[in-house]
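J.: What follows is each chain in one-letter form.
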Amino acid sequence: MKRHEMTRNDCLRILKSGRDKLLDPLRQTELVVIGGTGFVGTWIAEMVASLNDEYQFGIKLHLVSRSTEKFSSQAPHLAAREDIQLIKSDVRQLGKIPMNTDWVIHAAANPDVRTHASNPLDTASVIVEGTMSVVRTAERLGRLKKLLYLSSGLVCSSQDSSLSENAKGAPELGASFIYPNAKRFAETVCSAARVQSRIPVLVARPFSFIGPYQSLDTPWAQTTFLADALHGRPIRLLGDGQLKRSYLYGSDAAYWFLRILTTGPSGDVVNVGSQEDISLQDLAEIVAQNFEPSPEILLNTSPRNQGRTTLLIPDITHVHDEYGLSVLTPLNEAVKLTAQWHQMQKNCEKDIFSG
Amino acid sequence: METNRKIIISDPTLRDGNHAVGHQLSSEKIALYCRAADNAGVPIVEVGHGNGLGASSLQLGEAKVSDQVALITARENLSKSKLGIHVIPGFATIERDLKPALDWGVDVIRVAAHCSEADICERHISFSRSQGVEVWGCLMMSHMLSPTLLLEQARKMESYGAEGIVFMDSAGHYLPDAVRHRVELLVDELSISVGFHAHNNLGLAIANSLAAAEAGASLLDGCARGFGAGAGNTQLEVLIAVLERLGYSTDIDLYKILDAADLAEQNIMKNMPTISSNSVVSGLSGVFSGFMKPVLRIATEFGVDPRDIYFELGKRNIVAGQEDIILEVAKDLTQHKGKRIK
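First to last, the sequence lines map onto chains A and B. Note that my numbering has the first sequence beginning at 1, numbered continuously upward. Note that my numbering has the second sequence beginning at 1, numbered continuously upward.
Bear in mind the hints are in silico, worked out from the structure with no lab data behind them. All figures in this text were calculated on a predicted structure; none of them were measured in a lab. Beta carbons are placed, not taken as given, at the ideal position from N, Cα and C, and that holds for glycine. All the pointers check out, no bait thrown in.
Listing some non-contacts, in silico: residues in chain B with all C-beta distances to chain A over 12 Å:
| no. | residue |
| --- | --- |
| 1 | 97 |
| 2 | 177 |
| 3 | 293 |
For each label pair, taking beta carbons as the anchor points, the in silico distance ranges come out as:
| no. | chain 1 | residue 1 | chain 2 | residue 2 | range |
| --- | --- | --- | --- | --- | --- |
| 4 | A | 88 | B | 251 | 54 to 60 Å |
| 5 | B | 175 | A | 336 | 51 to 57 Å |
| 6 | B | 324 | A | 276 | 58 to 64 Å |
| 7 | B | 244 | A | 296 | 30 to 36 Å |
| 8 | B | 251 | A | 185 | 46 to 52 Å |
| 9 | B | 203 | A | 343 | 54 to 60 Å |
Based on the provided sequences and hints, a complete structural model is requested.
T.: Encoded structure:
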């Protein structure tokens with residue numbers, strides 16, 4: 001099986017049992033995804049391609065990004081499609097959005113914490129000025145049915161065991177917290193656009209994801225574990241491994257976003273993530289089980305401050321009750337699929353280098 | 001006092017100590033000390049040119065042995081201890097220096113920058129982390145930043161993937177309360193561990209290291225007999241003894257580390273580190289300990305008091321790599337002296 005066949009199967013698995021019909025509002029419409037070549041955008045493109053090929057939805061998808069060349073090399077099977085158009089543009093200077101656009105998903109932001117630390121002003125600029133630019137553009141779209149802004153699960157905090165959309169806690173102030181604060185302000189901009197310009201806008205707050213298309217170069221637990229295992233190294237956990245996280249698989253996330261976009265009421269705020277929490281040690285063990293030979297897991301390779309941890313488990317009662325959405329890819333399966341995809345990619349790179 | 005808390009010891013005798021001998025440590029001396037430190041159970045042994053990987057040069061001093069020889073020799077003589085290196089981006093590049101160092105068996109990479117310049121470490125830390133080795137971020141001359149600004153820089157290193165932050169008292173300037181305050185803030189605000197590297201200009205290296213431990217630091221640096229730049233570092237064998245007495249666990253055998261220190265004194269050090277009058281002035285003025293030799297040389301050349309040079313350098317917030325300024329300061333002092341005479 002090829003990598004793109006695997007991601008196609010992932011999408012079809014999500015769309016079966018009549019779930020495709022719940023996306024009927026997308027038929028024969030034009031969808032623009034701004035910041036469309038990252039993890040989320042690529043999975044939405046996979047989902048749209050599946051809907052068009054297997055269910056004849058006739059969606060025209062426009063992916064707006066500064067990195068269209070990278071997308072073409074990483075997902076050539078998507079970039080080459082006639083129903084997907086790549087638009088090279090900075091979110092802050094949007095000028096080429098089709099006037100026939102029905103739906104907009106605004107996902108433009110760099111989630112890499114290294115960039116936030118080194119370039120906090122640029123991080124804020126992309127998020128805040130980018131969102132201003134998106135809503136100004138949306139004002140001119142006569143056919144616009146809905147704008148979905150992808151914020152972040154980090155915009156709120158709570159002492160509870162999981163974060164609901166109504167949590168009142170705010171991120172700390174300071175340059176180190178520029179990303180969640182900018183995202184928080186961008187949510188406010190969206191709210192202002194709804195009030196002042198009557199733009200039908202709603203907000204999704206993504207938490208942690210896992211799946212193909214996620215770069216193993218990023219310094220997150222799931223990507224670090226996969227990279228260690230893929231390179232045949234022991235998986236190293238800095239602390240005792242009891243820190244908890246949760247992960248939603250890429251095709252689940254794409255389906256959720258499309259459902260929220262098409263069925264959510266303007267003004268709604270929705271958590272997007274899995275409530276199935278797992279300790280990092282257990283996650284490392286699941287990752288290890290998917291590699292042969294199974295890598296060793298080393299705990300406490302560096303002592304970790306236990307007092308300073310962020311809670312990143314979403315409360316998904318709202319999305320479950322109001323949208324009927326639930327996690328369709330259990331974590332074990334999500335890790336297995338991700339590991340298989342990266343192994344296939346590694347083998348593919350080996351083939352290229354060996355001629 | 002019973003703490004039972006574990007402190008990781010990193011021993012830069014064969015790296016910071018290289019400053020004290022003009023980077024002239026031979027492979028025989030490296031092998032000898034590595035065996036002794038390994039036998040004593042030192043968790044991390046840091047090896048290399050005083051300014052770290054790739055730093056051997058006419059400007060900074062040419063090392064007697066290449067990085068390759070030093071690291072391979074160390075690797076061959078360490079069985080339990082991890083092999084560490086000090087990496088300053090710019091001196092060390094990823095392609096030319098870091099990649100080969102990994103092939104030579106390095107376990108711990110400490111990527112260092114002047115305390116306000118953590119940004120320059122992003123690629124080196126990210127690369128090291130991606131290679132599956134242990135990586136720490138080091139903030140040198142940390143007394144030059146307020147605790148709040150130091151935290152901002154530490155947070156950058158954490159975001160790049162550093163597994164811990166070591167803040168360095170490169171000038172031997174701190175008093176214990178200042179160390180305690182910084183460690184407490186970093187421990188409270190970071191999710192990774194915090195370490196401390198002392199110099200002994202004001203005779204406070206042990207006291208400052210203990211203050212760091214009491215405030216929550218997980219890693220301390222110490223060198224045999226304090227063998228290091230300027231007035232030297234925290235004296236390792238004394239640190240182990242005191243930590244043991246206070247109930248901290250280091251996994252280091254006291255008798256064997258005392259033996260290692262004796263061996264180092266007899267076989268490795270040309271001169272024992274002492275707190276010279278100039279070291280005191282260096283510590284008070286907050287000037288990098290490694291400036292001592294050029295300051296003394298230039299002071300003699302220009303016939304000015306080296307202490308005046310130090311205090312002037314301190315006023316100008318001079319950092320490592322700005323050695324050329326010593327000449328400028330000496331020249332200015334000579335001219336002012338002339339004016340005063342008139």
